[in-house]
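Sequence lines, in order, name chains A and X. Numbered according to this note's numbering, the first sequence spans residues 1 to 295. Numbered according to this note's numbering, the second sequence spans residues 1 to 295.
The hints are simulated quantities; they were obtained by calculation from the structure and are not laboratory data. Backbone N, C-alpha and C fix where the C-beta goes; we use that ideal spot for every residue, glycine too. Hints may contain errors.
Quick list of the computed label-pair ranges, beta carbon to beta carbon [what the hints assert, rightly or not]: (1) X:S244 - A:K295: 52 to 62 Å; (2) X:N31 - A:N87: 36 to 46 Å; (3) X:A184 - A:K56: 57 to 67 Å; (4) X:A91 - A:R239: 28 to 38 Å; (5) A:T222 - X:N108: 41 to 51 Å; (6) A:V240 - X:K135: 30 to 40 Å; (7) A:K56 - X:T222: 48 to 58 Å; (8) X:N200 - A:K88: 50 to 60 Å; (9) X:K77 - A:E136: 17 to 27 Å; (10) X:N53 - A:T21: 56 to 66 Å; (11) A:R239 - X:V240: 54 to 64 Å; (12) A:E136 - X:K241: 37 to 47 Å; (13) A:K88 - X:N108: 36 to 46 Å; (14) A:V240 - X:E157: 33 to 43 Å.
There are 2 protein chains.
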Amino acid sequence: MTARILDGKVLSLTIQSEIATAAEQLKREHNIVPGLAVILVGDDPASQVYVRNKAKACERVGFHSKTFALPSETAQKYIMDLIKELNKDNAIHGILVQLPLPHHIDENAIINAINTDKDVDGFHPINVGRMVIGKEDCFLPCTPFGIQTLMMRNGIETGGRHVVIVGRSNIVGKPTAIILMQKAVGADATVTVCHSRTKNLPEIVRQGDIVIAAIGRANFVTADMVSPGAVVIDVGINRVKDFSTKTGYALVGDVDFENVKEVASAITPVPGGIGPMTIAMLLFNTLKAARKTLK
Amino acid sequence: MTARILDGKVLSLTIQSEIATAAEQLKREHNIVPGLAVILVGDDPASQVYVRNKAKACERVGFHSKTFALPSETAQKYIMDLIKELNKDNAIHGILVQLPLPHHIDENAIINAINTDKDVDGFHPINVGRMVIGKEDCFLPCTPFGIQTLMMRNGIETGGRHVVIVGRSNIVGKPTAIILMQKAVGADATVTVCHSRTKNLPEIVRQGDIVIAAIGRANFVTADMVSPGAVVIDVGINRVKDFSTKTGYALVGDVDFENVKEVASAITPVPGGIGPMTIAMLLFNTLKAARKTLK
Chain A
1 MTARILDGKV
11 LSLTIQSEIA
21 TAAEQLKREH
31 NIVPGLAVIL
41 VGDDPASQVY
51 VRNKAKACER
61 VGFHSKTFAL
71 PSETAQKYIM
81 DLIKELNKDN
91 AIHGILVQLP
101 LPHHIDENAI
111 INAINTDKDV
121 DGFHPINVGR
131 MVIGKEDCFL
141 PCTPFGIQTL
151 MMRNGIETGG
161 RHVVIVGRSN
171 IVGKPTAIIL
181 MQKAVGADAT
191 VTVCHSRTKN
201 LPEIVRQGDI
211 VIAAIGRANF
221 VTADMVSPGA
231 VVIDVGINRV
241 KDFSTKTGYA
251 LVGDVDFENV
261 KEVASAITPV
271 PGGIGPMTIA
281 MLLFNTLKAA
291 RKTLK
Chain X
1 MTARILDGKV
11 LSLTIQSEIA
21 TAAEQLKREH
31 NIVPGLAVIL
41 VGDDPASQVY
51 VRNKAKACER
61 VGFHSKTFAL
71 PSETAQKYIM
81 DLIKELNKDN
91 AIHGILVQLP
101 LPHHIDENAI
111 INAINTDKDV
121 DGFHPINVGR
131 MVIGKEDCFL
141 PCTPFGIQTL
151 MMRNGIETGG
161 RHVVIVGRSN
171 IVGKPTAIIL
181 MQKAVGADAT
191 VTVCHSRTKN
201 LPEIVRQGDI
211 VIAAIGRANF
221 VTADMVSPGA
231 VVIDVGINRV
241 KDFSTKTGYA
251 LVGDVDFENV
261 KEVASAITPV
271 PGGIGPMTIA
281 MLLFNTLKAA
291 RKTLK
């Protein structure tokens, strides 16, 4: 039996339709158009694609968006000043700095400069702290939030089930662990985080009723590591050489999709799984930020 | 074979001696005496004991300390104003509000009011966020920090080993999980967090090379849940009826000590385990806060 494919692309568009409807209402009733500012420094091609997709999505749902594409040699002070300006700009409700930044820039300093009420990526320490404490007024980081939403919308129960997360990054592994262990709807899971230092990793991953792969290594999670009937969420996006394609490379996840789908009960594809969900949650957070200004 | 007893009381005093030496030096070289303010609201007997112990420990290591014992009907505004004053007080480097607070007081509002540079309990969202991100300029919450220090000082390796934490509180379970999964010395563990909703909890706890019990239920972790040779850290402090004692009650941990010590390779007692370590780390954080003012 082949696994059910958890289509993040279609779900993302469904959520975007809901957000577009809510944005219309916000405009009609309060004359507010949610606005997102995206700062991109340098010319990393992957980052350029991500930023373009975010701007396109804003347009689709009726948000206002501004992209600041800066050369890689931009001084830190210039970015800081830009953020200060955006912090004050009433037309901008969300500010996103596309990571990674060039090495001469202090990423933490940049993130700390963002007004916490406009931190729609949820990377500011105060939002991370609120997430841990379980306060509702934080912005959940978009990828973990997308993972949770994809599971909830597909009727995948997490309560009391064992979620094994492979990877402990600040962007995915750690926040996903925190979100899914909370005493809350769409959470309440027993959570294990494993990583490069884990002994007997395959044995631990095999215990997962739900496996979340976010380790950044192509095809790392193989079929023998997945317990029959498990749900597999693939967060990886890895570029591998593939001469059969026009570009000469292909995008693959952290999961050996072809073989794992024969074992799992449900699985996200790459691309078209968690990637589009991340964008939907970014829009969700921007809408939330815009609504915050009503209070 | 009986487990090695991990004596937190003796280790706490050793650390306190080190802190006293460092405090002497700080005074000699910079004329700074670390100062801790402790705010206690209401007359909970356990809280009174904790606060008294903290004040005594400050005295022991040569810190200056001030205890504000307020009646349980104290208005929130009064406490907020007191914190504002202490935030500005140059003789006070650490501010601690003993929890829990009476129900009419908004705990989050109180904690958020503390100057983050004086938040020696590490409960302010910004410090929690920094802890997750792995920044060194945060204050680690005292109990998880005490657990980590006790293990490090006793030569208990965590790297690559499986730590199973029972309980997901904001004070112990969640921060301990985060601290021990970091890519860092004294951490680097595979971490599982289980709790009241966990299915097959005994089976999961049995996988722990290290078991940390912080669920707040007397004798919850029994010998059959502990894998032979595991290290067992007991964070619980539960009051149970015991007519054989003068007071009519006894303090017991979350671990069935008498039976588990026959299975484990090492175990912390209650009292005399993690409790005293928590106090040592509070002093450590206060010293760190005092040193921060040098920069």
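Results of checking the hints against the structure:
Checked against the hint of 52 to 62 Å, the pair S244 (chain X) and K295 (chain A) passes, with Cβ atoms roughly 57 Å apart. Between N31 (chain X) and N87 (chain A) the beta carbon distance is about 39 Å. The supplied range of 36 to 46 Å therefore holds. The beta-carbon spacing between A184 (chain X) and K56 (chain A), approximately 40 Å, falls outside the hinted interval of 57 to 67 Å. At roughly 57 Å, the beta carbons of A91 (chain X) and R239 (chain A) sit outside the given window of 28 to 38 Å.
Taking the beta carbon of each, T222 (chain A) and N108 (chain X) are about 44 Å apart, inside 41 to 51 Å as hinted. For the hinted restraint 30 to 40 Å between V240 (chain A) and K135 (chain X), the CB-CB distance of approximately 34 Å keeps it satisfied. For K56 (chain A) paired with T222 (chain X), a C-beta distance near 57 Å keeps the hint of 48 to 58 Å intact. Under the hint 50 to 60 Å, the C-beta atoms of N200 (chain X) and K88 (chain A), about 53 Å apart, fit the expected range.
Range check, K77 (chain X) to E136 (chain A): Cβ separation about 24 Å, and the 17 to 27 Å hint holds. A hinted range of 56 to 66 Å holds for the C-beta pair N53 (chain X) and T21 (chain A), which are about 57 Å apart. The hinted range of 54 to 64 Å is satisfied by R239 (chain A) and V240 (chain X), whose Cβ atoms lie roughly 59 Å apart. A C-beta distance of roughly 39 Å is found between E136 (chain A) and K241 (chain X), which places it inside the suggested range of 37 to 47 Å.
Hint check: K88 (chain A) to N108 (chain X), Cβ distance near 27 Å, so the stated range 36 to 46 Å is violated. Range check, V240 (chain A) to E157 (chain X): Cβ separation about 36 Å, and the 33 to 43 Å hint holds.
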